[in-house]
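Trainee: Chains as they are written, first to last, in our numbering: chain A, 1 to 247; chain B, 1001 to 1249.
Think of the hints as simulated: they come from the structure by calculation, not from any bench.
Among the clues, some could well be false.
A short, non-exhaustive set of chain B residues, derived as facing chain A with CB atoms under 10 Å [claimed, not checked]: (1) PRO1074; (2) HIS1143; (3) ALA1212.
Just so it is clear, CB atoms sit at the ideal spot from N, CA and C, and this is done for glycine as well.
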Amino acid sequence: MKKMRGRLVLAATLSLAILVSNPAAAQNYGLNDQLLTIDSTSFLGFGVETLRTGDGYLNKQTPGDGILYAPLQLPDGAVITKICLSARNTDASNVVNVELQAVKLATPGQSPGVVIIPGTLALADFHNGYGEVCTSPISYEFHETADVDGDQNPELVAHRLRAFLPFADVALGGVRITWHRQVSPPPAVATFPDVPTNHPFFQYVEALYAAGITAGYGNGNFGVTDPITRGQMAVFLAKALGLHWRD
Amino acid sequence: MKRLRRVLVWASLAALAAAGRARGQSFGLGEQGTVVGAAAFVGQNLGLQGNLLSDGYLYQPNFLSTFSAPVALPVGASITQICLYFTNFKPGATLQLQLEAVKFGAGGSGVGAVYPVAGASATASSANGYDFACSGPISYTFHDVADLDGDQIQDRIAHRLSVAFTPLDDTLGLGGVRILWHRQISPPPATPTFGDVPPSDAFFPHVEALAASFITGGCSGGNYCPNAPLTRAQMAVFLAKALGLHWPQ
Chain A
1 MKKMRGRLVL AATLSLAILV SNPAAAQNYG LNDQLLTIDS TSFLGFGVET
51 LRTGDGYLNK QTPGDGILYA PLQLPDGAVI TKICLSARNT DASNVVNVEL
101 QAVKLATPGQ SPGVVIIPGT LALADFHNGY GEVCTSPISY EFHETADVDG
151 DQNPELVAHR LRAFLPFADV ALGGVRITWH RQVSPPPAVA TFPDVPTNHP
201 FFQYVEALYA AGITAGYGNG NFGVTDPITR GQMAVFLAKA LGLHWRD
Chain B
1001 MKRLRRVLVW ASLAALAAAG RARGQSFGLG EQGTVVGAAA FVGQNLGLQG
1051 NLLSDGYLYQ PNFLSTFSAP VALPVGASIT QICLYFTNFK PGATLQLQLE
1101 AVKFGAGGSG VGAVYPVAGA SATASSANGY DFACSGPISY TFHDVADLDG
1151 DQIQDRIAHR LSVAFTPLDD TLGLGGVRIL WHRQISPPPA TPTFGDVPPS
1201 DAFFPHVEAL AASFITGGCS GGNYCPNAPL TRAQMAVFLA KALGLHWPQ
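When you get a sec, could you build the whole thing from the sequences and use the hints?
Mentor: Following this line, the structure appears as structure tokens:
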């Protein structure tokens, strides 16, 4: 019940805030709502010596501020809705934080640089031991090519988590990312005459076509209202999921 | 607005990777682009991370020449191209990208535990600053077991991306590597599972893939009933099993 309420609040927040243009994104489907936990062993920093203590947490050995990075890869179109940081902090004057960054992979004529994704800072400012802190609900669409700096010029981007450990009495446990897949936006022109742009199934049929899962009938139509056999279903599913490989 | 961005994205994609890009041909959750960022690379010999500077690129400390990052894709994934993003202002200097398979285990007669994947390489030799270099179109099917050394014994393998900096110079930077890939349906077995879906059936590989994944056990009597219509309820079972739905937390 509590979970349900959380979902509703989250969905309402998301749809109000950003996702008016893409209502599908506020729902969790497509292999489900996903939780990705990135352990502290994924974090590395240049010139930063670390020690993993018996609790599995990453402790900094080098004096001074420690900055560590962990790579993050998600499918194109994935939406990150929350980032949580697990940390240990027993120092009253220090904090641990993580945030999501996009590294622009420059090509000739484009500028390199690191862009901080707004709203992704999770700040552990408690001082009484172990704890978890989360961002407010966010809606960051993960793309490998995106205009992350707003210069109207999309760049290929690599994502990473930046962890900041300023002091020896703080430690990084890991980061938990909540995300889900989306159905991609449809094209401007319909592929199949029997599934025009105003058809309720338009976006979904186009997504199947763009992914190579269906090519429709030979006559150009998708056959949108035709019944399907078990054999045809097998083709859809096996293609869609890339089944079955077990070495 | 969204559409405009999408058009821009596509235009940019077309410009970036015009060679060998076959969108619409790939399936299995769609064509995938995986960007392995510089933060994923560590020094091959000492296991140290390079220096990630303010541009987000990895610069080598002088004592390390080769950096590697792990690559884990689903078994059966087909890699079609890899591209290296780099920065280099030094004429004559190069960054060499190579996808490699690392053999596990002691069995077999092969010499050398690291095997470069043919064609899955790119050489960055431009000295014009930030730039990228791509492999030609390739078709490499990703497995976690393969006979790498040709001794007729299947080896367990891991994959990694390696980038060698030549010469040792701390002005050469690695931005990341982009891998284009898509899933495939596995080849069907020699012996059919269902009496009514023989190897000659157009649906044979697909039905076998579902059976091998335990998504279907057929209809009854050792058959699959490929021509029987599907109800919405049956479709719900297929989808929920296939996608492993639903695990909220």
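Trainee: A separate judgement is required for each hint: does it hold in the structure or not?
Mentor: Hint check:
Hint status for PRO1074 of chain B: holds, given a least beta-carbon distance of 7 Å to chain A, under 10 Å. The restraint placing HIS1143 of chain B at the interface with chain A holds, with a minimum CB-CB distance near 5 Å, inside the 10 Å limit. At its closest, the beta carbon of ALA1212 of chain B sits 4 Å from a beta carbon of chain A; the interface hint therefore holds under the 10 Å criterion.
No hint from the list above goes unmet by this structure.
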